[in-house]
Amino acid sequence: MGITFLIASFVLLMALRVPIAFALGLSSLGYIYWFMPASVPLTIIPQIMSSKPSSFPLLAIPFFILVGELMNASGISQRLVDLAKAAVGHLRGGMGVVALVSSAMMSSFSGSSVANAVGTGAITIPAMKKQGYPRATAAAVESASSSLGTVIPPSISMVVYGSLTGVSIGGLFVAGYVPGILLIIALGVVIRFLAKKNNVPITARPPVSALGTTFMRALGALAIPVIIIGGILLGIMTPTEAGAIGALYTLVVGLVFYRSLNFKTLWGVLLRTAITTGVILTVIATASTLGYILTYERIPGQAADALLSGLSEPWAIMLVLVGLLVVIGSFMETNAAIAIIAPIVIGISEGSGLDPLFVGVIVVMALAIGVATPPVGVCLFVTAKLAGTSIERTSIAVLPLVGVVVLITAVLALLPDVVLWLPRLAGF
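The opening residue of the sequence shown carries number 1 in full-length UniProt numbering; numbering runs sequentially from there.
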């Protein structure tokens with residue numbers, strides 16, 4: 001009865017368009033008030049909500065958000081797009097491939113798909129339209145490319161998952177590179193096909209000097225992922241410390257070297273960082289209360305037993321898990337979904353003997369697809385607005401790109417050795 005109330009109230013509140021953090025909190029409050037023993041006071045809610053977001057690993061989130069905001073405000077995104085254009089702009093697909101490569105580079109700095117969509121989309125979408133891409137296709141290409149921000153490290157979603165499950169965040173970061181590269185290759189193939197279908201012209205190859213010039217202009221920015229990931233791999237920084245150093249370095253680059261930041265824009269950067277951080281941590285806080293209830297009801301163990309009793313082979317478990325997560329990600333924000341399902345996923349990985357690091361990477365990949373799919377795909381809304389087209393048209397145009405991402409995710413779910421090769425090599 002209690003779980004039925006919990007699910008029904010949450011679904012009802014979501015249908016009424018109540019923000020997900022409040023929907024989680026209100027449904028959990030109702031459950032604790034009506035269905036838990038009187039010995040459990042309502043004061044347990046603020047205790048849980050304050051304890052989870054205060055964990056040290058989650059401090060990495062505002063720093064990675066700050067890096068992304070600083071990059072957008074300082075014009076670093078433009079420098080990355082210029083570098084990508086000089087390197088791959090002459091290939092079949094033109095600006096579509098540039099959008100993909102730009103998003104991949106932006107991903108290695110910001111850790112956010114939305115930051116990708118805003119930062120590079122504002123530049124690449126108008127350029128794609130000018131080159132001959134239909135508006136919806138241009139938006140779809142940038143939307144799918146921006147989803148890399150959740151997979152390629154440093155990833156905020158990986159920080160959330162690692163913080164809630166105890167899985168090494170550094171290990172998740174390193175494990176994200178191979179899937180990220182495979183996704184770039186697969187999306188590149190589809191983008192080139194779409195360009196050929198829409199008769200997008202091939203531009204002339206720029207001189208080598210242009211590549212050298214754009215590389216030098218972006219060199220200061222290209223050091224950011226080296227500092228963040230290099231510091232983690234060398235063991236001299238935790239992910240949180242690496243995020244702080246990366247944010248400080250990006251600030252110095254914008255203020256001193258590029259001189260594209262001033263105190264007025266910096267105030268806006270800090271304000272947007274605080275708002276985004278507040279949203280994410282509020283979701284984690286209220287989802288932690290729901291996690292407490294699920295643990296009290298022994299839902300993670302029951303869900304794991306139900307799945308494992310019907311499926312004995314790890315490959316079957318992973319495929320079913322990917323399918324469920326793709327559906328969940330389409331209806332729920334990625335970090336909120338991670339906060340809710342993390343206890344269940346850990347129970348499944350422990351019961352099936354699957355490596356929790358491997359499962360974590362697949363969970364993040366599967367949920368990341370939701371940023372580019374309706375009905376709540378954040379990147380889909382951002383890119384459609386930038387392209388001046390409708391969500392419906394963009395949703396149709398993005399189907400082949402989303403399809404190949406789902407395919408790569410499903411294939412990697414069957415190949416744990418491929419996903420774990422790099423983290424094992426790095427000693428995780």
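Simulated from the structure, these hints should not be mistaken for laboratory data. Any given hint might turn out to be false.
Calculated lysine-lysine pairs in the DSBU-like style (CA-CA distance at most 30 Å, straight line) [to be verified]: (1) Lys129 x Lys197; (2) Lys264 x Lys385; (3) Lys385 x Lys130; (4) Lys196 x Lys264; (5) Lys264 x Lys197; (6) Lys129 x Lys385; (7) Lys130 x Lys197; (8) Lys196 x Lys385; (9) Lys197 x Lys385.
Keep in mind the model is a prediction, meaning the values are calculated, not measured.
Run through the hints listed earlier and report the numbers of any the structure violates, in increasing order. Structure breaks hints 4, 5.
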